[in-house]
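Protein chains: 2
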Amino acid sequence: MKSDQKTLAGFVEELASKSPVPGGGGAAALVGALGVALGSMVCNLTVGKKKYAEHETRLHEILVEATSLQQALIAMIDEDAEHFLPLSRAYGLPQGTEAEKTKREQVLEQALKDACSVPARIVEVCRKAIDLHAAIVDRGSRLVISDVGCGVQFLKAALICGELNVTVNLAMIKDKVFVQRMRETVHRQVEEGKIVADRVYASVESALA
Amino acid sequence: MKSDQKTLAGFVEELASKSPVPGGGGAAALVGALGVALGSMVCNLTVGKKKYAEHETRLHEILVEATSLQQALIAMIDEDAEHFLPLSRAYGLPQGTEAEKTKREQVLEQALKDACSVPARIVEVCRKAIDLHAAIVDRGSRLVISDVGCGVQFLKAALICGELNVTVNLAMIKDKVFVQRMRETVHRQVEEGKIVADRVYASVESALA
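As given, the protein sequences belong to chains A and B, one line each in that order. Each residue of the first sequence is one higher than the last, beginning at 217 in the working numbering. Each residue of the second sequence is one higher than the last, beginning at 217 in the working numbering.
Honestly, I wouldn't trust all of these hints.
Which copy is meant is left open, because identical chains are indistinguishable; a pair holds if it fits in one copy or across any two.
Straight-line distance between alpha carbons at most 27 Å, and here's what the computed DSSO-like set of lysine-lysine pairs gives [as the list claims (entries may be wrong)]:
1) K344 x K390
2) K319 x K410
3) K234 x K218
4) K234 x K344
5) K267 x K329
6) K329 x K390
7) K392 x K265
8) K234 x K266
9) K317 x K329
10) K265 x K234
11) K234 x K267
12) K410 x K218
13) K222 x K392
14) K218 x K266
15) K319 x K329
No lab work stands behind these hints: they were computed from the structure.
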């Protein structure tokens, strides 16, 4: 069954179980999706209100982009899990002869690189979603502005967990050029994202003070 | 339908919609439950392993407590939503005469106090769950230690959002004694929880370095 068709109770129980997937990566994708959704909710509760008419066009644009990011994150819950089996199989390959050892190393290297791809995209998508929240916090209805604050906290947590899951895989990859490039790309997005998220959250706190 | 029986896709879409519930409070309860679940997963993947035999008894105790906190958080998704309607009704009460105004103020005051109760409990439960993660990070299998890092980031985000949702309601409550007591209790737990969560996350990073 696709994860997005599982019940909340079922998914949380499966996460808590000793089943290796879903794990932190898939959960981060879901938390990111919940964060994006809160931003969309604020847009949906603002459009059509006379008081915010000047922001109407921009809010509709944001909603289109947010919906696309939300769907991408929901899909990543399963995409992240799909990389687990090849990685687990690669670890289990025989390493009796030199030829087997070389083969195993090659397969494992590729499986590890593949396993980085989804958490790296979680970082990329959450980074974009944090920018959307920065646009929403200046335009959304004051009545639900706290939801932008919650959304951005979830996105920040998902961003950090995305990087953590990239780091775990990078630690075992031998291709130093790949490792350095991936680490730098992801880390830059996380650092930028955290700064913007904290700024958005501070705006929400000011609006409520 | 109870929220825990909704599909992930359905819940996220409902969150993004202009329906006022679920909102940031309910989403925070879910994110907290996902955080607790990751800690339980690490316990479940550690118990029975010879290498960690010395921690077996404590890990089983942690699992019992974590399961109870996880269930409490899942239940709070709906409990938070249940306070919305009385609050919305209170705002809509007539305020034509002095007697009506007084009546409305009383009903509204109580509805606001009630609406604080679930986010305050989200804070309390996430605070406890962060302490469990502090116990897990020293005992859990190194192979899945990154999941403790993800768990604690989700709990920290849920903790902060719990406080934000308390703050929103407190801002409109007239009973200053109630406001001050609630604000102090919640804020202390959030500050303590953030410190412990950051410490747990730093331990995870050290273990992976």
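Hints, one by one, checked against the model:
1. K344 x K390: neither (30 Å within a copy, 40 Å between copies)
2. K319 x K410: neither (40 Å within a copy, 46 Å between copies)
3. K234 x K218: both (19 Å within a copy, 26 Å between copies)
4. K234 x K344: Result: close only across copies, 22 Å inter versus 33 Å intra.
5. K267 x K329: neither (49 Å within a copy, 29 Å between copies)
6. K329 x K390: The answer is within: 10 Å in one copy meets 27 Å, while 57 Å across copies does not.
7. K392 x K265: neither (53 Å within a copy, 33 Å between copies)
8. K234 x K266: Answer is between; shortest inter-copy Cα gap is 16 Å, intra-copy 52 Å.
9. K317 x K329: within (18 Å within a copy, 65 Å between copies)
10. K265 x K234: Close across copies (12 Å), not inside one copy (48 Å); limit 27 Å.
11. K234 x K267: between (51 Å within a copy, 17 Å between copies)
12. K410 x K218: neither (31 Å within a copy, 34 Å between copies)
13. K222 x K392: neither (39 Å within a copy, 44 Å between copies)
14. K218 x K266: Intra 41 Å, inter 35 Å, cutoff 27 Å: neither.
15. K319 x K329: within (16 Å within a copy, 64 Å between copies)
Of the numbered hints stated above, those contradicted by the structure are hints 1, 2, 5, 7, 12, 13 and 14, listed in ascending order.
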